[in-house]
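Numbers 1 to 111, taken from this note's numbering, label the letters of the sequence shown in order.
Be a bit skeptical, because a hint or two may be false.
Ranges between beta-carbon positions, derived for each pair [what the hints assert, rightly or not]:
| id | residue 1 | residue 2 | range |
| --- | --- | --- | --- |
| 1 | Arg102 | Cys17 | 26 to 34 Å |
| 2 | Ser54 | Cys17 | 37 to 45 Å |
| 3 | Ala99 | Gln21 | 39 to 47 Å |
| 4 | Arg88 | Val10 | 27 to 35 Å |
| 5 | Arg85 | Gly6 | 23 to 31 Å |
| 6 | Arg102 | Tyr14 | 39 to 47 Å |
| 7 | Pro96 | Gly6 | 32 to 40 Å |
| 8 | Glu92 | Asn72 | 26 to 34 Å |
| 9 | Phe53 | Lys104 | 33 to 41 Å |
Bear in mind the hints are in silico, worked out from the structure with no lab data behind them. All of these numbers come straight from a predicted model, not from anything done at the bench. Positions of the beta carbon are idealized from the N, C-alpha and C atoms, including for glycine.
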Amino acid sequence: MVTTVGVIEVTRRYYACRSCQATYRPWDGWAGVGQRQLTEHARKLGTIAGTAFSFETAAARLWDLCQIRLSNDTVRRVCDEEGERARRWLNESSEPAQAIRRAKGHHEFYS
Numbered sequence: 001m002v003t004t005v006g007v008i009e010v011t012r013r014y015y016a017c018r019s020c021q022a023t024y025r026p027w028d029g030w031a032g033v034g035q036r037q038l039t040e041h042a043r044k045l046g047t048i049a050g051t052a053f054s055f056e057t058a059a060a061r062l063w064d065l066c067q068i069r070l071s072n073d074t075v076r077r078v079c080d081e082e083g084e085r086a087r088r089w090l091n092e093s094s095e096p097a098q099a100i101r102r103a104k105g106h107h108e109f110y111s
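Using the sequences plus the hints, can you model the full thing?
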């Protein structure tokens, strides 16, 4: 598992359904670790780096700055997943519209 303090190994239970091939790791859900085996904070750093640089450069910077080793493909996939999560939140949550209504000043729209 990749964390912001390095890679750690955690022994955990793994369950698999023989008929449908579904898998489940209870500890991963509890710890907030997804299929990429990144902690939430490591995902956040990967996303920030991936939106600031090319994915290849982001992977190199993560290693230089934090000693987090991610491939450029993992950085891209994490950014894609977080982008999809943000898109769903913008489309399904009432929070963005409420924040705009509460904002002071004039609304501006760009086309």
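Evaluation of the provided hints:
1. Arg102 to Cys17: 26 to 34 Å: Since Arg102 and Cys17 have Cβ atoms about 47 Å apart, the given range 26 to 34 Å is violated.
2. Ser54 to Cys17: 37 to 45 Å: Given a distance of about 39 Å, which is inside 37 to 45 Å, the answer is holds.
3. Ala99 to Gln21: 39 to 47 Å: holds (42 Å)
4. Arg88 to Val10: 27 to 35 Å: holds (29 Å)
5. Arg85 to Gly6: 23 to 31 Å: holds (25 Å)
6. Arg102 to Tyr14: 39 to 47 Å: Roughly 46 Å apart at Cβ, these two residues keep to the hinted range, so it holds.
7. Pro96 to Gly6: 32 to 40 Å: Cβ of Pro96 to Cβ of Gly6: about 36 Å, so the range 32 to 40 Å holds.
8. Glu92 to Asn72: 26 to 34 Å: Roughly 30 Å apart at Cβ, these two residues keep to the hinted range, so it holds.
9. Phe53 to Lys104: 33 to 41 Å: holds (34 Å)
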